[in-house]
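There are 2 protein chains.
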Amino acid sequence: MRGLSLSSIVGRIAITDGMDDQAIKALEDAGHEVTSTHYSIEELLDGVLAEFDAVVVRSATKITAEVLASSSSDGSKLGFIGRAGVGVDNIDVAAATNNGIVVCNTPGASTRSVVEMTIGHFIASARHIARADRSLREGKWQKKELKGTEIAGKSLGLIGLGRIARGVADAASSLGMEVHAYDPYVQSSPDWINMHDDVDDLFRKCTHISVHCNLSEETRNLVNSARIGMMPGVGNDGTACGNHIVSCARGGIVDESDAAMALQNGQLQTLALDVFDREPLGDSELLSLDGFHGSPHIAASTMEAQRRIGTEMTSLLIEYFETGSPSTSLN
Amino acid sequence: MRGLSLSSIVGRIAITDGMDDQAIKALEDAGHEVTSTHYSIEELLDGVLAEFDAVVVRSATKITAEVLASSSSDGSKLGFIGRAGVGVDNIDVAAATNNGIVVCNTPGASTRSVVEMTIGHFIASARHIARADRSLREGKWQKKELKGTEIAGKSLGLIGLGRIARGVADAASSLGMEVHAYDPYVQSSPDWINMHDDVDDLFRKCTHISVHCNLSEETRNLVNSARIGMMPGVGNDGTACGNHIVSCARGGIVDESDAAMALQNGQLQTLALDVFDREPLGDSELLSLDGFHGSPHIAASTMEAQRRIGTEMTSLLIEYFETGSPSTSLN
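The listed protein sequences correspond, in order, to chains W and D.
Positions 1 to 331 (my numbering) are the ones given, in order, by the first sequence.
Positions 1 to 331 (my numbering) are the ones given, in order, by the second sequence.
No wet-lab data here; the hints were simulated from the structure.
It is possible that some hints are incorrect.
In this list, chains with the same sequence are indistinguishable; a pair is considered to hold if it fits within one copy or across any two.
What the hints assert, rightly or not - Capping the alpha-carbon separation at 30 Å, the derived lysine-lysine pairs in DSBU-like fashion look like this:
1. Lys205 / Lys140
2. Lys77 / Lys140
3. Lys77 / Lys62
4. Lys77 / Lys205
5. Lys147 / Lys25
6. Lys144 / Lys62
7. Lys25 / Lys143
8. Lys77 / Lys25
9. Lys25 / Lys62
10. Lys77 / Lys144
11. Lys25 / Lys144
12. Lys147 / Lys205
13. Lys143 / Lys62
14. Lys25 / Lys140
15. Lys62 / Lys140
16. Lys62 / Lys205
On a predicted model such as this, the values are computed, not experimentally measured, just so you know.
Generate coordinates for the entire structure from the input sequences, incorporating the hints supplied.
Here it is in structure tokens:
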């Protein structure tokens with residue numbers, strides 16, 4: 001059967017960037033035909049997606065307007081794009097909408113994982129955990145050089161106050177930090193979070209900054225030399241803890257070249273990045289700096305998040321095939 | 001003036017392993033004569049401490065019975081030993097007591113720092129933070145290999161339930177862990193901490209174990225192959241997260257050779273140590289293992305802890321010189 005109708009509760013699903021095994025099994029158990037394989041951009045442009053009713057991607061597969069233009073053929077038409085994760089930078093949602101294709105993601109599934117990674121990166125920064133391990137492996141015992149500072153008693157500034165940032169706020173607050181945030185798009189926030197109307201004020205107030213916004217023209221290079229230069233370097237508790245920045249959001253929001261300069265001139269004591277302007281990172285001047293440590297875009301990469309993503313995506317797909325419209329979608 | 005009497009509120013104080021600058025200034029402002037210098041074991045055995053009314057050490061200076069035997073001379077006698085920190089492994093407290101010397105430490109000053117380091121080491125372990133940074137610096141982008149697990153939804157087992165362990169319990173609980181503990185010496189504990197009478201039960205129940213006891217004949221090699229083999233490897237939430245051990249307590253409690261073997265055979269997924277059987281660590285088979293990361297005994301080494309230690313030690317010294325007996329002491 002080609003083309004989806006309300007009577008077709010069994011569908012052909014392409015999983016192009018992998019998904020949790022149990023989720024794939026649940027889809028197969030529900031009678032769906034699942035093909036888990038990665039397609040090249042040539043195959044995508046050649047219309048391979050027209051063979052499927054639904055496709056589920058992570059970030060590796062790019063669903064451009066051109067790919068979508070070739071996603072229907074005689075009597076067969078892709079109707080559902082699932083993003084197993086949060087960010088849909090790799091999907092042209094407007095083009096999908098124009099083509100009558102529903103787009104769904106699983107926004108809450110990885111929140112906890114990213115929250116923990118953010119807190120982990122802050123403590124690893126303030127206490128030099130990655131640097132200490134490197135130093136030990138080089139046969140050194142740099143007890144004095146690796147004196148750190150506590151995160152308790154310091155001000156944390158959140159750029160963006162969505163689901164993940166609110167989780168970070170809760171965790172940081174329970175660990176003794178004072179929480180500040182800037183988000184021109186939120187209407188309401190808990191009383192105990194100090195909201196700022198001007199992002200510069202957030203930098204002036206906070207020794208610790210965490211990035212939790214999308215990449216857009218508005219946020220590109222938002223964390224730059226000028227703003228890093230505004231950070232106070234001294235915590236609320238009077239400790240000269242220096243300034244610390246973490247980003248587990250998207251590359252391009254922290255200006256890596258400005259941040260490298262700030263690490264060298266001491267405006268920034270540490271920088272921890274899980275995301276980069278160019279991924280994979282490859283060569284970078286950051287890698288030669290002691291105050292930097294990084295991870296390869298793994299903040300959401302946990303067994304728990306992948307299981308939750310699989311469970312949520314399976315529900316959305318089954319709803320879609322049963323009713324023609326999933327309970328939540330992005331368009 | 002030699003010898004301390006109640007009328008001598010001004011004393012000669014040796015600071016042999018350094019102390020916070022502001023604390024030294026406060027002592028000098030109070031009229032005390034402060035000598036901040038490190039003495040060799042020969043100088044100590046030669047009676048250099050007899051020149052002082054009080055000595056403040058960290059861990060580098062060893063105050064043995066022999067050193068104490070030479071700490072008095074004609075009309076001059078050391079009367080106060082301050083440990084700027086917690087552990088008094090380096091001070092023969094019994095010999096001090098026999099010599100009528102009061103011994104004080106600053107037990108609460110570094111609690112927060114060690115709590116944060118412990119949590120930081122657990123997240124760094126579960127999310128491969130040190131390993132990810134090494135991998136990035138080697139030019140790799142190991143997104144798949146570095147998939148981690150959340151600490152939320154897992155059981156944390158605390159060996160020892162003193163001040164630091166209770167702080168770790170609070171933090172871990174606020175981050176979504178279920179907390180278990182073993183401590184044959186505590187009389188009472190909060191309801192929400194699951195106490196175990198048998199340390200083996202703690203290992204059987206917990207995927208995450210944190211060491212918070214002293215080193216003694218009873219605790220030496222307490223964390224060994226047999227007990228690591230009892231750990232469940234699967235969290236309360238059903239995640240096959242593997243087993244994780246952190247120690248920021250004292251070297252010798254975790255059997256490093258057994259732990260290395262457990263990392264190699266997979267019984268242990270990660271091990272993070274701030275303390276080692278031999279310090280400085282030098283060569284160790286642990287350093288060749290991906291699942292290990294370490295730090296050079298810096299869990300209490302923060303600006304905040306050092307400031308609090310200095311403030312507390314200054315108060316104890318001033319009380320001692322004013323009244324002959326500080327408000328708290330170890331003997």
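Check each numbered hint against the structure and report the violated ones by number, ascending. Of the numbered hints given earlier, those the structure breaks are 1, 2, 4, 10, 14, 16, listed in rising order.
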